[in-house]
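Undergrad: Spelled out from the first residue to the last, the chains are:
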Amino acid sequence: MIPLFFSPFLELLLAFSLTMALVLAYFAIVQRDLVKAAVLSAGQSIAYAFAYYLLAAPDILFAYIPIAVGIYTVLLLYAISKTERFEEG
Amino acid sequence: MASTIVLFVLTLVSVALGATAFTPSLDLRPLAEFYLENCLNQFNKDLWAASPEAVTSMLWDYRGLDTVYETTVFFLAIIGSVAAFRFGEAFLRSYEESKRKQRREEGLSLIVKVITRLTFVLIVALSIAIALHGHLTPGGGFQAGSIFAVAPLLAIAAFSRRFVEEFGLTKNTCLAIRTTGLITIALIALIPLLSIALGFTGVFIIQNQPKPWALQPSFPGFPVYLGPIWLAGTLILFNVAEFLTVASGFTLLFILLSLPEDFFRRLMGK
Amino acid sequence: MTSIIGQILWLYMYGVLLAIVSISIYGVVVRPHILKKIIALTILADTANTFMIFIGYRLGATVPPILTTLNPSPSDIATFVSSAVDPVPQCLVITAIVINMAVTALLIFLSIQAYRLYRTLHVKELSRLRG
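Residue numbers (our numbering), protein chains in the order written: chain A, 1 to 89; chain B, 90 to 359; chain C, 360 to 490.
The shape of chain A in the complex, shown without the other chains (with noise of 0.2 Å):
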């Protein structure tokens, strides 16, 4: 049974949230595959949204899933295929 007295559900799931989008954000940043990175910054994107869901803000949830998972990702996919793929130094 878990003791009464340890209750920080929300915030233990904001932690493991954000750990998330750190580690996807870092990931993203040093990698030199441009499509893999875009990839990674709609991952931590997705760990956001859930953090806002955790918030308490279901406007900001329906604005933010479909512009930085659905746009973002999609817009950097063609820049990437209409440009280089691979970044150098």
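It is possible that part of the hints are untrue.
As the list claims (entries may be wrong) - Output of the computed footprint for chain C on chain B, the stretches with three or more beta carbons under 8 Å from beta carbons of chain C:
#, region
1, 90–96
2, 122–136
3, 140–146
4, 151–163
5, 167–180
Quick caveat, the hints were computed from the structure, so don't treat them as lab data. All C-beta atoms, glycine included, are put in the ideal place defined by N, C-alpha and C.
Since the structure of chain A is provided, determine the placement of chains B and C on it from the hints.
TA: Coordinates of chains B and C only, in the frame set by chain A:
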């Protein structure tokens, strides 16, 4: 070398700022309590916004001018993008003609096309529902426009861009719909000012409900009921107009991005 | 109201958000490819928005700032005011999300046009061009 210096300085700044760390408190600021108390207060209708949702009533009634300027910034960004990728319609038609003989079966496989037809209808229905209920539940114009923008994107990927264009979703159609939405927003925001001609003197721009503490006779406000339906004054009109604007703006960006590079290379004369 | 572990976790989350800000500033300044800079810029803007909503949270409350009835009594309104989260940062963040998205779309269009004209997206070579 430069990267290590940048990282070191940033770490120092982060640790220094971390000393002023913040944890949430049990009380809210007085401004937040004012907005939460007055957005649907039927006992003291001096300051109400006729909507049970505090965020939408703040976006379009209490801080409506912020949203109007934000729509202006969005409009300017779309205009800049369209100007960077400009072309003449006659050139596009001649390009399509010249490529007609080389055209083979376009789009993805049959399974993808059938599923895309289903999800297109579902996405459009969901976005219209979110736009129309923006004043009662979480949602509104921006959210619905962003969700709507995913549907033409799927159609362009599964069918081809030429197929979608023959359905009538061209650059000029999207520009026309966006201009209609923007003119509707401007008109609704200015109707209280135009009512000065009818003899009302206590009017405000972007006014939703009557303000009994203004100069009399003051603007009577937009209707809140329509039988059993709860319209929230201007909120439903603003949400629908903003939905049209945002959805057509995003669709325009995707139509411009799906033009092939060969077309622009010929346009720039290389 | 909350335990010691809860307080420590709030401070930890504050630190994690600052770390993401540092990493994305590093990405914008040091990485030489323009599309990588744009990715890092979007991460920075999203983290700033999350920070604002984080500050507007009320401890122990998970009620969004939306009333559930259309004819609330005064006791309903009093309960709502004492148990809902802050709606002011949410309104500002919606504006900020749409503006950031419009600016990012313009940046991507301009960088595609720059690639068409100069055939490179490396910042060192783009800054060597004159005229």
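Undergrad: Hints first: check each against the structure and report whether it holds.
TA: Verification of the supplied hints:
1. 90–96: This one holds; 4 residues, not fewer than the three required, reach chain C with a Cβ under 8 Å.
2. 122–136: holds (count 9)
3. 140–146: holds (count 4)
4. 151–163: holds (count 6)
5. 167–180: holds (count 5)
Going through the hint list in order, the structure satisfies each hint without exception.
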